[in-house]
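Take the sequences, apply the hints, and build the full model.
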Amino acid sequence: MAVSKSTFLSHLRTLAQLHVHGHRRRQLLPSFVTLRDLSFSTPEEAAAERRRRKRRLRIEPPLSSLNRSQQPTQPKPIQNPNAPKIPEPVSALSGNRLNLHNKILTLIRQNDLEEAALFTRHSIYSNCRPTIYTVNAVLNAQLRQSKYSDLLSLHRFITQAGVAPNVITYNLIFQTYLDCRKPDTAMEHYKQFINDSPVNPSPTTYRILVKGLVDNGKLERAMELLQDMGEKVLDADPVAYSYLMLGAARNGDADEIFRLYEELKEKKGGFVHDGVVYGSLMKGHFMRGMEKEAMECYDEACGENSKVKMSAVAYNSVVDALSKNGKFDEALRLFDRMRNEHNPPRRLAVNLGSFNVIADGYCAEGRFKDAIEVFRKMGDYRCSPDTLSFNNLIDQLCKNGLLVEAEELYGEMGDKGVNPDEYTYALLMDACFKVERIDDGAAYFRKMVESGLRPNLAVYNRLVDELVKVGKIDEAKSFYDMMVKKLKMDDASYKFMTKTLSDVGRLDDVLKMVDGILDEGAEFSEELQEFVKEELGKEGRAEDLTKLMEDKERQKAEAKAREAEAAEAAKKSARAAVATLLPSKLFGNKEVKSESPLASGSAVDDASANEATANKEAVEEATVVESATADSNSVEDTIKSEHSDETESENNDKVAA
Amino acid sequence: MASLAVRRARYPTPAFSSIFLKVRLSHSSNLFSRTLLARALSTSAIPNEYQTPPPSPLQHQNQSPSGFQEQSNPYPNPNQWVRQNQGFNNANANASQSTPDNQNTVYPNPSQDSNQWNLPQNENHNQGYRQYQNSNAQFPRSPTQWNSTQNQSYPQSQNPNQINTQLPRNPNQWNLHQNQGYPQSQNPNQMNTQLPRSPNQWNPPQNQGYPQFQNPSQMNSQLSSSRNQWNNQNQGYPQARHPNQWTPQGQDPTHLDRGSPNQGHAVENQAPVAHVPEPVSSLVVLKQACQEGKVKEAIELMDKGVKADPDCFNALFELCGASKLLEDAKKAHDYFLQSSCRGDLSLNNKVIDMYSKCASLTDARRVFDHMPERNMESWHLIINGYADNGLGDDGLQLFEQMRKLGLKPNEQTFLAVLNACASAEAVEEGFIHFESMENEYKISPGFEHYMGVLGVLGKSGRLVEAKEYIDKLPFEPTADVWEALRTYARIHGDIDLEDHAEELMVDLDPSKAILNKIPAPPPKKRSAISMLDGKNRIIEFRNPTLYKDDEKLKALSQMKEAGYVPDTRYVLHDIDQEAKEQALLYHSERLAIAYGLISTPARTPLRIIKNLRVCGDCHNAIKIMSKIVGRELIVRDNKRFHHFKDGKCSCGDYW
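Protein chains in written order, with the working numbering: chain F, 1 to 657; chain C, 1001 to 1655.
In short, the hints are calculated from the structure, not lab data.
Positions of the beta carbon are idealized from the N, C-alpha and C atoms, including for glycine.
Some hints here could point you the wrong way.
[Stated by the list, open to error] The calculated DSSO-like cross-link candidates involving lysine-lysine, where the alpha carbons are at most 30 Å apart (straight line), are: (1) K472(F) / K512(F); (2) K571(F) / K1623(C); (3) K182(F) / K1552(C).
[As the list claims (entries may be wrong)] Only part of the chain F face toward chain C is listed, based on derived beta-carbon distances under 10 Å: (4) L105; (5) G303; (6) N305; (7) E422; (8) S451; (9) G540.
Right under this line is the structure:
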């Protein structure tokens, strides 16, 4: 019975190895039990690692170890109060906290995210603290709706409130920063997470990071991360590899694609079952001009009897590879097959991306009608287009001079509940300029700004440029006036406007402009100053500028003086108020005697009388009259309503359960 | 009707049921609980009176009602009562009081029928009754009328049938009570039984009825509800009240504080049972209590020295586990340790289970460590216990220990281990154990094991991995699998996955469809689905930061939320600045608000009452607080009410 530990362990190891071999053989059959390539060979190792991670944080040793040592008086290790906490286990989500969770989930479904976030915050200050799960749900919903600033502020809040984050929270934060195109911040958070957190990263963590880094053009960093991932507890993830291969394909780096594929193949035991990598692999082959190999690869992935599991995303990348490399007919065939295979909800072979890819393909073939048609059919497959796919198609149409069709599509966006973004408007505006429809272009710009979008300086410059080109100076000026309050303009934009105005001799407007710039407190650089002076000098009014600037200086100085005066006055009045409010003797000699002891005499007496009684009573009381009062049975209306709330939430609970 | 059903269910338990019934019946009455509460608070001195049983029953009887009633009604003693009750004649009361025998003769008649009760022609049995009847006649009140008036005053609808159903039990009850009635030690009990009746501020007529029964024997007669009119009336009263009165006694913690366990609440009424000479019946009673889920009563009985048998312990442990009351559990365990069956394996297992349900793993582990012998079940229970209480790590350590001891884990063990892994978020270990199960122990995994692994992934927040795991399962995923995934997605707040899993679940099992489901709002995130890399050129067109005017707006709104600056003008003591700021933090209204916040759910308004005027600094602080915590804070100081809401006060800063 008593196998010594070492023999036992080696026994275990051999068993595990045997199993790995057996498993590989079996995997050739279609199937199954995932054997993951685990980074620990024994549970003891895994447990040791996990515990080490926790113990490093000086978290109390497990209960049982105390029992075993039979030393109940063992002093507890002093905990660093700032040490990261372990997130609450799922079992914390019960009772009232579960009711709260369900309530907030309902709010999220109603898309009332502000209320959901507020409720979560307010619950921190109550007898029912939200669990990290509830917070995650809100954060997730905010991310889903691209409400990044709300997300970050809620995250900061719960961090301050001491709600310990779990791996999902971290994932959401990484995703947020990467979506906001701040990969460096994301990586800083990642570093902190790895160093400090008691939580282990999940494969999803790495997927998010790798994808985000690749999308942000940081391929090398992503590669490093992959190494990191290998060292951590995780197994080679085909999805993460596929992101990297996609990035390499985008960079046109065929060697890298092959290298990654080989690496993955080796780690996975000679065959990659996940279809996501094959599209990129084909692209790599095509890049090398190895069409035959590419098609072999295609057969391997999508042929009859293929053992590769193809998801919608995997299909899409293959379709993309085919259609971009002159095999559009093949791509169409595959697309048809995907559509036939599509059987929601069980089998999802087509998604929005498929339609984007195929519409792209049609456009590349010059078959725009077909592209629009297939795009409109999307609804039959339970896919709904998003802004990006509209933008994509509009872009294609505009590029090919099909502005009318593009505008038609733009009109459809509203019906489908998709909101156009800056990209959409800028595309349409540029397309309008191209066909000399300057007014329409300007109208798009105006609409964009009015609908609360924020075009950047480049878009504005293009607009003003076009307007001036066709001589619509007034309109250009009006756009300048509109945007100067919003955008932080650079010298070039100012110069352009100055030049335009001075060219038509509207020097007064130029001066007004400068006035505005100075008022704004924006930087009025030397260079710009010179430039304006020069322009004015042409008409001999250079000194006007100097005069204007001096005026401004003086005004500023005056304003400052006024401010200081006001502050002084406020201070004085505050002091007077204190003096009237409080008996002067209480201030002792520290305070200047108040000027009007007589006038405020009665008030002082009152106050001191109050104070005296207060001191006599000495006991100051304040009671909370109303509370949850589950314990006190008093029946009050308010409490009744609470009860009904509770029952309601219980009902919710039941529904959830 | 519901109450009726309860009674019927209890029918076979003659001894206690009438008493317990009352407890049960009254569950919902808030009205009464209020009065009771008020009473409990105001009469806090009384229990002492009870605890010292007066020398003779009679005397005692005379004392006690007065003691009670002084607060609630103006009839300190029977004589007074008589005076006030013009309708009753003194003789009547006296007669009934002085003739216990008479009454006793009446009781044992078991043939009494419930119907007879309510009928006025029920005249015969004793004099007292008849006189009473007369009195009733003088007051234009027949028993039925009684009921109706009572119904008016208390919303509880009283059903005459209910009264009747009690009847058949009477013989037993009665006997018991008779036994109680005479020994002195019984007095406290009687007192207590009276207590709930007397205290309320009932309409005087009822209280009038009361003193009549104050003699011990009569008391008994009341309780046992013999069939004379007396009883009828008595029953009429208490029943009308019971629903209201009794509950609080059973439930209200204030009553628990009254002292010795005998006196507390409904239990005390049972206590006499323990004095019944035959131990058999007490065991029966104990069993009954266990069966009916009356943990408190059962423990009371054991306090009385009743020895429980294994069946009782079995039931008791389950009950304690279900009620999650550690105190009860510990008591039950104590008695178990004193009992002869303390070595019983399955009962010990039950104890472990009970403690882990009560979330006290230290206790569970102690029991486990001291068990004379353990079977697999014990190991499973303790590992599962750790897992369920979020201490999966300890569970896994135990599993290691178990293997070191050379025990061969079975299917159930692995379920427990997977459960522990899920709880400790030990994903890797979960997989290792899962694989070792097949390789090392040649146990082929069943459906539950796959679900266990899914749980490991799902509970530790690896939702994507969980979904992929389901795709790789060696069998077609069933509706249960999707339901589990849906639950995990729901826990972690992933709407899309939740909807997806739910769709698949409903597809496989349409009966699980949720009807009034709110569809998820469409996502606005663009990077999620798109396949088109590099097409997302929004960056070329969008201004990365806020516009200047937006920023101004934001800055303004932040200004509004500007932090709190302590205003030390209101600290009048001659201390340094820091100490002044410190002092401001302990103003009682702030402490009260802080307490209110942590003891109420979010968004409920708080009402604070303060005896002094609120200081300016607190006023400002509370304004800010109301904004931050999103509640209405209603503060009354000695000048006025302040309604703080959204950072503003209704007084407009002038008070």
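Against the structure, the hints:
no.	hint	result
1	K472(F) / K512(F)	holds (19 Å)
2	K571(F) / K1623(C)	holds (23 Å)
3	K182(F) / K1552(C)	holds (24 Å)
4	L105	holds (7 Å)
5	G303	violated (21 Å)
6	N305	violated (19 Å)
7	E422	holds (4 Å)
8	S451	violated (13 Å)
9	G540	violated (35 Å)
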